[in-house]
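Please construct the entire structure, taking both the sequences and the accompanying hints into account.
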Amino acid sequence: MGRKTGDKSRYNKLRLKRLARRLGMRALRKDLQAKADSGGAAPASRPS
Numbered sequence: 069m070g071r072k073t074g075d076k077s078r079y080n081k082l083r084l085k086r087l088a089r090r091l092g093m094r095a096l097r098k099d100l101q102a103k104a105d106s107g108g109a110a111p112a113s114r115p116s
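So in the working numbering the end of the sequence shown lands on 116, straight run, no missing numbers.
Fair warning: there could be bad hints in the mix.
[Claimed, not checked] Using C-beta positions, here's what the derived DEER-type ranges look like:
1. 81 x 102: 27 to 35 Å
2. 99 x 79: 36 to 44 Å
3. 75 x 104: 39 to 47 Å
4. 76 x 105: 37 to 45 Å
5. 106 x 76: 40 to 48 Å
6. 98 x 78: 25 to 33 Å
7. 95 x 75: 28 to 36 Å
8. 105 x 85: 29 to 37 Å
9. 106 x 77: 40 to 48 Å
10. 105 x 75: 40 to 48 Å
11. 77 x 105: 37 to 45 Å
12. 75 x 106: 42 to 50 Å
13. 100 x 80: 23 to 31 Å
14. 106 x 84: 45 to 53 Å
[To be verified] Below 30 Å or equal to it, Euclidean Cα-Cα: the simulated DSS-like pairs (lysine-lysine) are:
15. 98 x 85
16. 85 x 103
17. 81 x 98
Please keep in mind that the hints were generated in silico from the structure rather than gathered at the bench. Heads up, the beta-carbon is just placed ideally off N, CA and C, and yes, glycines get one too.
Put into structure tokens, the structure is as follows:
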């Protein structure tokens with residue numbers, strides 16, 4: 069691979085960020101679902 073280590077690290081950072089965002093979204097959704105199931109009010113920042 070003729071890729072510089074700097075490019076690779078930047079690519080890895082982007083991939084990690086994307087992965088983290090996807091996981092975060094899933095966790096957020098699960099949290100909202102749990103709140104809705106328990107009868108709690110969902111945060112106003114994320115209307116569903």
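Satisfaction of the hinted span 45 to 53 Å by the C-beta atoms belonging to residue 106 and residue 84: Once the Cβ atoms are compared, 32 Å apart, the range 45 to 53 Å for residue 84 and residue 106 is violated.
Using the beta carbons of residue 106 and residue 76, state whether their distance is inside 40 to 48 Å or not. holds, 44 Å
If I claimed the Cβ atoms of residue 106 and residue 77 lie 40 to 48 Å apart, would that claim hold in this structure? Holds: the Cβ-Cβ distance is about 42 Å, inside 40 to 48 Å.
Do the alpha carbons of residue 85 and residue 103 lie within 30 Å of each other, as the hint requires? holds, 26 Å
Can the restraint linking residue 81 and residue 98 be considered satisfied, given a maximum Cα separation of 30 Å? holds, 25 Å
For the pair residue 81 and residue 102, does the Cβ-Cβ distance stay inside 27 to 35 Å? holds, 31 Å
Note whether the CB distance of residue 99 and residue 79 lies within 36 to 44 Å or breaks it. Since residue 99 and residue 79 have Cβ atoms about 30 Å apart, the given range 36 to 44 Å is violated.
Mind checking the alpha carbons of residue 98 and residue 85 for me, to see if they're no more than 30 Å apart? holds, 20 Å
Tell me if the beta carbons of residue 105 and residue 75 are separated by a distance inside 40 to 48 Å. Since residue 105 and residue 75 have Cβ atoms about 45 Å apart, the given range 40 to 48 Å holds.
I want to verify a distance hint. Is the separation of the beta carbons of residue 100 and residue 80 within 23 to 31 Å? This hint holds: roughly 30 Å between Cβ atoms.
Does the Cβ-Cβ separation between residue 75 and residue 104 fall within 39 to 47 Å? holds, 43 Å
Measuring from beta carbon to beta carbon, are residue 95 and residue 75 in 28 to 36 Å? holds, 30 Å
In summary, the numbered hints that this structure violates are 2, 14.
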